[in-house]
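**Student:** Chain by chain, the residues run as shown.
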Amino acid sequence: MPAVIEVRHLHKRYGTAVAVDDVSFRVEEGEIFGILGPNGAGKTTTVECVEGLRTADRGEIGVLGLDPRRDRAELTQRLGVQLQEGQLPGRLTVGEALRLYASFYRKPADPRALLDVLGLSGAHRTPYGRLSGGQKQRLSIALALIGSPEVAVLDELTTGLDPQARRDTWELIREVRSRGVTIVLVTHFMEEAERLCDRVAVIDRGRVVAVDSPTGLAERVQGGRRTQIRFRPSTPFEDSLLATLPDVTAVTHQGDLMVVTGNADVLTAVASVLARNGIVAEHLRLEQPSLEDAFVALTGDHAARPDTTGGSAVNVAP
Amino acid sequence: MPAPASPGTTPPIAQLPASALKLLALTELKLLVRERVGPVYAIGLPLALLIVFGNIPFYTAHHTSGSFAGRTLLGVYLPVLAAFALAALSFNVVPAVLAGYREKGVLRRLRTTPVGPARVLAAHLLVTAATAAVSVATVLLVARLAFAVALPRQAGGYVVGFLLAALALLAIGLFIAAAAPNGRVANAAGATLFYVMMFSAGLFLPLDAMPPLLRHICRASPLGAAVQALSDATDGHMPHLLQLLTLAAYAVVFGAGAVRLFRWE
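Chains as they are written, first to last, in the working numbering: chain V, 1 to 318; chain P, 1001 to 1265.
Hint data in this document are derived by calculation from the structure and do not stem from the laboratory.
Cβ coordinates follow ideal geometry from the N, Cα and C atoms, glycine included.
Hints are supplied without guarantee of correctness; some may be wrong.
Stated by the list, open to error - Label pairs and their calculated CB-CB ranges:
#1 P:ALA1118 <-> V:ARG112: 26 to 36 Å
#2 P:ARG1184 <-> V:HIS11: 30 to 40 Å
#3 P:ARG1263 <-> V:GLY65: 27 to 37 Å
#4 P:VAL1142 <-> V:ASP162: 46 to 56 Å
Produce the complete structure using the sequences and hints provided.
**Tutor:** Here it is in structure tokens:
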């Protein structure tokens, strides 16, 4: 089956500055695909080329089998776009905006129903200029979905939202996906990618450094060897009891806490040894490699700490 | 529905329902009214000026000799009020609104939809021109009914002159919007031009009362040419070809310049 979005060797420069060096990825039907990267990595430029707002200098882009520049008429009917910065006239009301945008499409969604889903029904008659940041953001999502698109590209979806609104928005996006809409999510927000995306492309300095599921990325980068267990043993025992296990790489102490590091199976191995010896692990906590760890490792120091340039690279394998 | 097999980046005109264009124009009209600046400047002020002038005997007295022979000063000023309405919209409304649309990303968002931003510009200009037409019609009617000023004797010529003037001025307004980096600059440039242009329209000193050299210079300006054309039609002559060509030239030059310079974002 052909991919919903296929980008091959995309290259785009502004003057002498290379915004996108060489980006390739495929987005499959029905998935939530994340584009993750530090600021200035080329994420927005990449999706702007996909949306047909910019012309690529090199490379090929296909969206639903269409060329974003040549087939604009058809593409705009089937691709919904939520822009990072795109306001509306201040005196246009929410209801008017949705009705106006609905009139642009062949088979628009029901504006009323969309407002309900987005929790904007109460703001139906509110002028755009009087909406809160969260309401503006939700209206922006509504406008991206009003044309019943097959694909929606959402750029910095939850930036500026409070934690509750952010969670509500994620729930909404899952719901949209369950209706069969393919979603591309541009974000620099790790938790968002981790919770929402089926697959993530990590972009750094204009290049794709990895494409995988959030867990896949986390495990791949850490070599699967950085799961950590912390607990307070009910009775003291020799470190060697655990340190000799094949799944364990290190045993250290933090006060009366024992810290055991190992691969993904370390918990099972440690638990069975402790059980056999009648030791209870109190205050047990498990720390697994996160997407954030993977991200820092993949994009290097400059992304995690923007004030240091050209710092030492983080070791991918321990 | 099959994809249109059009090469290049032709906008999807055929696919757009007429309701979209109607709704777009209606929306622009609502916004213009809600912003108040347009209606107040373009309809309220000319009407207020008409009513004030109309109640001062100095303006309503018939001149029997001199530059205004056979006319009242009020009648002389009516074409200036028409120019005022056009200029107010073209210099004080169009640049600020359109540059604001670009600055706020309104046009950018529209680029991602099937309508595209060009139609919004067109809808805005159309609504603006219609507002100016309403203003001129109202002023002429009130002048006729309340102050017994005759309607333009050469109606066809008046309409032609008005349409060309509207094209020329809106083109200049669009050009300011295209050249200005943001809404504030567009607003300042427009407001400044408004006063300069209103002088050349004869707001402070009627064209016919100007010294010949100044009169010729003013007639070469867009508003001066517009007022001369409308005055001729008011007096019952076809507007002079020179003024019509002047207006057409402004429309073409600034229209082309605006199209070339205009950025959607």
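**Student:** Each hint should be assessed against the structure and marked as holding or not.
**Tutor:** Each hint tested on the structure:
Between ALA1118 (chain P) and ARG112 (chain V) the Cβ separation comes to about 30 Å, which falls inside the hinted range of 26 to 36 Å. Distance hint check for ARG1184 (chain P) and HIS11 (chain V): the Cβ-Cβ separation is about 36 Å, which falls inside the suggested range of 30 to 40 Å. Against the hinted window of 27 to 37 Å, the Cβ-Cβ separation of ARG1263 (chain P) and GLY65 (chain V) comes to about 30 Å, which satisfies the hint. The hint said 46 to 56 Å for the Cβ distance between VAL1142 (chain P) and ASP162 (chain V), and at roughly 55 Å that hint holds.
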